[in-house]
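Heads up: the protein sequence lines correspond to chains A and B, in order.
Numbering follows the working numbering, with no gaps: position 172 of the first sequence is 159.
To convert, count from 1 in the second sequence and add 168; that's the working numbering.
Hints are supplied without guarantee of correctness; some may be wrong.
To be verified - Calculated Cβ distances over 10 Å to all of chain A for the following chain B residues:
(1) 202
(2) 206
(3) 273
(4) 288
(5) 299
(6) 381
(7) 394
(8) 473
Unchecked claim - Derived CB-CB ranges, DEER-like:
(9) A/48 to B/264: 54 to 64 Å
(10) A/262 to B/290: 21 to 31 Å
(11) B/370 to A/305: 30 to 40 Å
(12) B/257 to A/194: 31 to 41 Å
(13) B/370 to A/194: 48 to 58 Å
Hints were generated in silico from the structure; no laboratory data involved.
It should be emphasised that the depicted structure is a prediction, and the values quoted were computed from it without experimental measurement.
Ideal placement from N, C-alpha and C gives every residue a C-beta, glycine not left out.
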Amino acid sequence: MQENLHRFFRAARGAGVHVSPAESIDAMRAVASVGVADRTVLRDSLLLTLAKSEDEKKALGACFDLFFAHVDPAQAEASDEAQDAASNEAQAAPPSGQPSDADTSAELGPLAQMLLAQNTADVSAAIANASSAVGLSEIRYFTQRGLYSSRMLETMGIQRLRDDLDRLTETNPGLAERLQAGLDGLRDTVRDAVAQALALYGREETENLRHEILRNAQLSRIEPRQVEAMRALIRQIARRLRERYSKPRKRQRRGHLDVRRTLRRNAAWGSVPFLTAWKRKHRDRPKIVALCDVSGSVARVSDFFLLLIHSLHDVVSDVRSFAFSGHLIEVSEILEQKPAEEAMAEIMHKVGFGSSDYGSSLVDFEKQFMASVTPQTTVIVLGDARSNKLDPRADILKAISERAKRVVWLNPEGRVTWGWGDSEMPRYQTFCNVVRPCATAQQLERAVSDIVSAYQ
Amino acid sequence: MADSPAPSSAIASITAVEAGLAAQGYIASRQIATAVYLSQAIDKPILVEGPAGVGKTELAKAIAAWRGLKMIRLQCYEGLDEAKALYEWKYAKQLLYTQILKDKLGEVLGGAQTLHAALGQLHDFGDVFFSKEFVEPRPLLQALLEPDGCVLLIDEIDKSDAEFESLLLEILSDFQVTIPELGSIAAAKPPTVILTSNSERNLGDALKRRCLHLHIGFPEQKLEERIVESRVPGISQTLRRQLVAFIHDIRTLDLKKQPSVSETIDWARVLVLLQSAELGHEVVKDTLNVLLKYESDIEVALPQVTTFVAKAQRQNIFG
């Protein structure tokens, strides 16, 4: 049972539930005290000890059903006995229905006998034994499926079965046909067992690999079917940033003695300073104004960037975002109120798909929203700075940078191409505190992390 | 209460938990009973999450009543700190005592010849003023000092600051607190700890790791009927069934605040008071404000009332 539980923990990790060693010990103790006889109680106990949120409970519940659909703890032990009993039986009394086969089947290998007897309990026990013999729970990638299937069949004695089959085809074609059918069935069962094992144990590795690829993929070029996965990844990044930056820092508590507050607080005992009060350094949470180009290839990067910025509620106190291509509008409300996909569709409908004009978009911003830029604000511009040979109006960016705390420009293009063709990057660059390329999820995370940490 | 076991005895089984809580008028689902049983079996606090009014706080009260233990409640709020939750030094008492004992101190110190000797003597009884007599125990420390054990309810932990969570960690995992001047104080008998949260903010992983995590959602129809039956004794079976069916329909609407179990019970009481034998459009429309707490929700629900009531009445025929 302990072995089964250990494998279950591994499967749970694959399903995205964080099972720490301490939690697995708790789960063990819980299972020891409730027993394994009642499956619903077992399920409840594992859910209580391992899953720590609503989502995790759902994932773990599904994982439990998948896992114990295969290995029923009570049955697994019983089937060992059944196997012994069955093998004794097979030796003592060969299948009585067909006496003509009796002589031939006595010469067959154990696997062939098992298949002919059509004892499903025996077969599944044999598969279970074979899977532990080849270490099926070590399976990681889907490419290993064939390897594990053939190894399992070998362990179960398929070589002997083939010999038997060859011999039987000559001597007893009818029986050979039945055996062949049994073998096909066995192949299917083994393949299913391996597929299930992959679903249980392989998920973790596969996910990691996919995440790694996704993190370094060009945001503007990912395929539509990956968009959802990328959104999930962005949410994960947002969570990580939140955890890192939402906690108050120690620095806030240091400072000089606040005499006034100390005296007032200790008035109760004649101003003898039992309790001290310290002056606190007031520290702002980041205020962010984001200007995002939503034309052409930059659109997708902007999409993910806006999603990231707007999921940082705990860390960032105030975000105002603007989208532009030919002209500029404020999109904060759309993003706050609607789910990611709808919001982006609406923004695109309003301003997207035009040819970008940085000059007039900056003019729009100066006219309507300049007041939103304060000395505490970080202004982030996300765009490729390709303005179709129109006037870039770098003077407005200069005005913004004089008002703001910092101006950060994130460019989805690589540094090499800046300044080539209609790129106005060199002219804008002079008025930015930081300029960095930002094409992948990883670069996006670093950029945002740097912006937030500048306030810490 | 008659068959409530002695406070010290261990719980026998999950069904015993169900029966015990039911005797206190708390109808627990299998999951809740399992959680309570496990928390005893492996000495773990339970972290209960779920929407408001599904009986999170009630659970702690029911356990306390069933086990015959004292319940100590700590209501969390923003700005709750060590001094209000754990312990505090009685400054005034310390000050008063030093004043009263001034002469005595003078006498004792008077014997010393040099400043060093006086200081040495002062060190010898300096700890007197930081002893147990001057500690004011707050809920958490009280729970540990309770000789027979108790039920400690830490209510709405999500309302407190993140720092407060860290303060709880020592108590939750080892059932002890450390007071620098006195050392560690371990629990006489580990209390049953119930933490509740409305998921207003995400709790830290460290806290979650130390607890059994129980999510109480809205109960199923059958269970809710049993809850109403136990809480509102005078209600007829017909009305009970219709009422619960109606509320389950209401919960499918897109509302600002879904009516939870406590609202169901309140509403059932109101209907019993109004002496209605079964659900009718007029009665429902008049009393909808018991169920729904926002004007906008009532507006959403009103057009649906007729359909839902008809549906609930049909339910009764076939159910």
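request  = Taking the numbered hints from earlier one at a time, note which ones the structure violates and give those numbers from smallest to largest.
outcome  = 1, 2, 6, 11, 12 and 13
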